[in-house]
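So the mapping is simple: my numbering equals the position in the sequence shown, first residue as 1, plus 96.
Hints were generated in silico from the structure; no laboratory data involved. Here the structure is a predicted model, which means the values were calculated and not measured. Please note that the accuracy of each hint is not assured.
Unchecked claim - Here are the simulated distance ranges between beta carbons: (1) Ala238 x Ser158: 12 to 22 angstroms; (2) Ala231 x Arg265: 20 to 30 angstroms; (3) Ile176 x Phe132: 20 to 30 angstroms.
Every residue gets a Cβ at the ideal spot worked out from N, C-alpha and C, and that includes glycine.
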Amino acid sequence: MEVGQANMSEKLVTIGKVVNSHGIRGELKIVPETDFPERFDKGNSLIIVDSQNKQTPVTVLSSRLHKNVFIIQFAGFTDINEVEKFKGSLLKIESTQQQPLDEGEYYYSEIIGCNVITEDGQELGLVSEVLTPGANDVWVVALAKGKQLLLPVIDDVILDVDVANKIIRIHLMEGLLE
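Please model the complete structure; the sequences and the hints are all you need to start from.
Dropping the structure here:
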């Protein structure tokens, strides 16, 4: 799971969110938004993007996992006062740094915005969100009149995903459109 977002020059992909500082030595608490925790390993280059879309390139100096949150210190930041400004910012990578996925696996950024059609060609709406409740993902499709369709990502429902053309063909099982 990596959330993609377009940027003016390069496409950037969100891999985490800065939720707080940690201690007084310039460490930050990062909630990961990636299935690849090695992105936070020492030496990796990342980009902090604040709410005004200001980008700050950083290099991981140290990283450790603590209660599902990464505690990370970036090179050049040694004091809490230097990193407080990053609270609420997103941690990103360039899309060219994304890992190749196995067949049938997709990044959220490839799925969100896809047009969902039934096997007989009826257009339903666009995927607006991806949920990860447990056994399988659920794609949220924005329907007409503000309604939503929750699509379980299972073989019986998802027939074909064409990320290049942003089209997902589905089998509309009984009870899904209620």
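Comparing the hints with the structure gives:
no.	hint	result
1	Ala238 x Ser158: 12 to 22 angstroms	violated, 42 angstroms
2	Ala231 x Arg265: 20 to 30 angstroms	holds, 22 angstroms
3	Ile176 x Phe132: 20 to 30 angstroms	holds, 28 angstroms
The structure fails hint 1 only (numbered hints given earlier).
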